[in-house]
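> Chain by chain, the residues:
2 protein chains.
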Amino acid sequence: MCLPGTVETVRERIETEGLPRLDRRAALLGAAGAALAAALPAAARGRSGAGATSVQDLTHLFFEGFPTFGPPSPAREDYATYGVNGFYSQTWTFHEHSGTHMDAPGHFIPGKRLTPDIPVSDLIAPLAVIDIRRKAARNPDAMVEVSDIRKYERAHGAIPAGALVAMDSGWAAKVENSDAFKGGAAFPNYHFPGFSSDAAMFLAEERNVRAIGVDTLSLDPGNSSTFDVHVNFLGTNRYGVENLANLGSVPPAGATVYVGVIPWEEGSGGPLRAFATW
Amino acid sequence: MCLPGTVETVRERIETEGLPRLDRRAALLGAAGAALAAALPAAARGRSGAGATSVQDLTHLFFEGFPTFGPPSPAREDYATYGVNGFYSQTWTFHEHSGTHMDAPGHFIPGKRLTPDIPVSDLIAPLAVIDIRRKAARNPDAMVEVSDIRKYERAHGAIPAGALVAMDSGWAAKVENSDAFKGGAAFPNYHFPGFSSDAAMFLAEERNVRAIGVDTLSLDPGNSSTFDVHVNFLGTNRYGVENLANLGSVPPAGATVYVGVIPWEEGSGGPLRAFATW
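Protein chains in written order, with the numbering used here: chain A, 15 to 292; chain B, 15 to 292.
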């Protein structure tokens with residue numbers, strides 16, 4: 015906005031009074047640890063039994079040019095600048111399936127839930143992280159299979175009902191290199207890991223999970239042209255999360271994930287902020 | 015995206031196989047209550063001493079035409095439709111200060127933190143809600159004053175360090191009527207409640223809060239042309255949240271707020287999903 019008087023009043027205050035008050039950043043940051051411990055609810059679940067004092071961001075920077083399944087990538091431009099307007103801000107344009115984002119059930123299936131239909135109680139869930147980094151490093155077409163889920167449960171216990179089950183393929187580290195992240199120049203020649211439809215439907219039907227998540231561009235592996243997981247899993251009215259980050263920095267079991275999706279009007283999903291506490 | 019084969023493969027699957035699998039929505043929703051109780055961490059803080067089993071969304075629907083301080087309002091258009099593309103999605107264009115959103119410290123003050131500079135540990139905070147609905151109903155220029163904070167603390171105890179302190183003026187109910195929400199056709203003729211600069215700086219300097227929030231369009235009251243709270247409070251490198259919803263549905267003290275702001279690249283703030291648990 016370029017509003018009459020705004021530039022002059024704000025700039026004049028800064029010029030005549032200097033930058034206002036004491037910069038309390040150091041004090042604020044110094045208090046952050048204690049304040050976090052005070053703010054974080056204690057974990058009743060989880061293996062430690064101790065208070066939840068850890069938090070991990072699971073979200074990529076939402077940057078201009080973020081790799082997307084198809085064009086366009088997110089774009090931004092200045093809306094206002096300090097010098098011209100007295101304040102600074104940007105305008106954004108992007109497809110809903112950009113950055114760390116949700117696939118709502120209605121993304122593929124008419125009549126299923128769109129983003130605002132998913133209540134906040136569905137956005138807080140036990141987090142289970144299935145690590146397939148070793149096989150994905152050998153084969154970019156690797157999938158989370160039912161056998162990976164059973165192996166996970168032998169090591170970490172049963173996946174709780176209502177969980178969000180996330181694949182950690184190691185792909186998050188590639189996000190700044192679009193070709194590496196996609197494993198190919200353009201669809202249908204992508205190669206990156208995803209869920210097998212059998213594994214996704216096992217989680218829906220046998221474990222009654224709330225959602226699945228991946229650290230890649232798609233719930234399906236990149237070489238899929240039939241999008242079975244999108245059709246079948248979203249078809250159960252459950253949601254997915256794509257392009258998760260930092261899954262290697264949370265415990266495989268016992269954390270709680272918060273899926274802070276913006277309630278985009280009639281959204282087919284859309285950008286979100288996810289973090290985990292434990 | 016209009017990718018070769020996508021429409022055909024997905025549509026063909028639906029046409030030949032029908033909508034996939036059993037619609038498990040009813041089962042999912044039936045399990046939601048128990049799953050939420052399992053997912054939500056127990057509250058070590060809070061007045062009840064019992065487990066945290068309540069959650070409240072504090073976010074407005076992000077809708078086309080959402081009232082903004084200045085033009086433009088958020089806009090959306092179809093990117094893909096089921097019939098043409100085999101899936102559905104949208105493209106969005108908006109100014110960062112749309113919907114329920116953050117004002118990052120760098121929105122007004124050069125060199126202060128932008129959205130991605132704010133760590134996730136700063137996005138989880140004890141929530142204190144100061145109710146000024148009675149005086150705001152009589153006077154749309156009402157402000158949260160230091161006396162309101164002292165009155166709150168006599169009733170609910172000291173505001174904890176690191177808190178997010180939110181004003182509940184009752185304005186959230188007006189959001190679908192832009193003129194009523196703004197209290198005037200255009201700046202500088204707005205009338206809606208906000209914080210007084212003295213109150214905001216009391217919270218920064220005497221209570222070391224992490225952030226302030228409002229259920230109106232601006233941290234400052236609508237009739238401000240000097241934006242004192244933006245200049246002074248954001249100048250301490252603390253952030254603000256605007257257009258919060260449902261503040262009357264959370265306890266005045268004892269809840270924890272999660273500020274799920276998208277980490278917009280070089281963001282001056284931006285849309286977020288906020289919710290509270292207690």
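Just so you know, not all the hints are guaranteed correct.
The list treats identical chains as one, so a pair stands whether inside a single copy or across any two.
The calculated lysine to any residue pairs, modelled on SDA-like cross-linking and capped at a C-alpha distance of 25 Å, are [said to hold, decoys possible]: (1) K126 - Y96; (2) K165 - E91; (3) K188 - D131; (4) K188 - N99; (5) K165 - A200; (6) K126 - K188; (7) K165 - T240; (8) K165 - G97; (9) K126 - T95; (10) K126 - E91; (11) K149 - R90; (12) K149 - G171.
It is worth saying that the hints were derived from the structure and are not from the lab.
> For every hint, state whether the structure bears it out.
Taking the hints in turn, this is what the structure says about them:
Proximity of K126 to Y96 under the C-alpha cut-off of 25 Å is restricted to the inter-copy arrangement: shortest distance 12 Å between copies versus 44 Å within a copy. With identical chains, the CA atoms of K165 and E91 are never at most 25 Å apart, being 47 Å at best within one copy and 44 Å at best between copies. In the homo-oligomer, the alpha carbons of K188 and D131 lie at most 25 Å apart only across protomers (21 Å), although the nearest pairing inside one protomer, at 32 Å, exceeds that limit. Taking the shortest alpha-carbon separations for K188 and N99, neither the intra-copy value of 38 Å nor the inter-copy value of 28 Å comes in at or below 25 Å.
For a Cα distance limit of 25 Å, the shortest separation of K165 from A200 qualifies neither inside one copy, at 34 Å, nor across copies, at 61 Å. In this assembly of identical chains, K126 and K188 lie within 25 Å of each other by CA distance neither inside one copy nor across copies; the values are 32 Å within and 29 Å between. For the identical chains of this complex, K165 and T240 are neighbours neither inside a copy (27 Å) nor across copies (61 Å), given an alpha-carbon limit of 25 Å. Proximity of K165 to G97 under the C-alpha cut-off of 25 Å is found in neither arrangement, the shortest distances being 58 Å within a copy and 40 Å between copies.
Taking CA atoms no more than 25 Å apart as the test, K126 paired with T95 passes between copies only; the shortest distance there is 14 Å, against 42 Å inside one copy. For the homomeric pair K126 and E91, the shortest alpha-carbon distance between copies (20 Å) is at most 25 Å, but the shortest distance inside one copy (34 Å) is not. In this homomeric assembly, K149 and R90 never come within 25 Å of each other (Cα to Cα): the closest approach is 37 Å inside a single copy and 40 Å across copies. Within a single copy, K149 and G171 get their C-alpha atoms as close as 22 Å, which meets the 25 Å cut-off; across copies the closest is 54 Å, which misses it.
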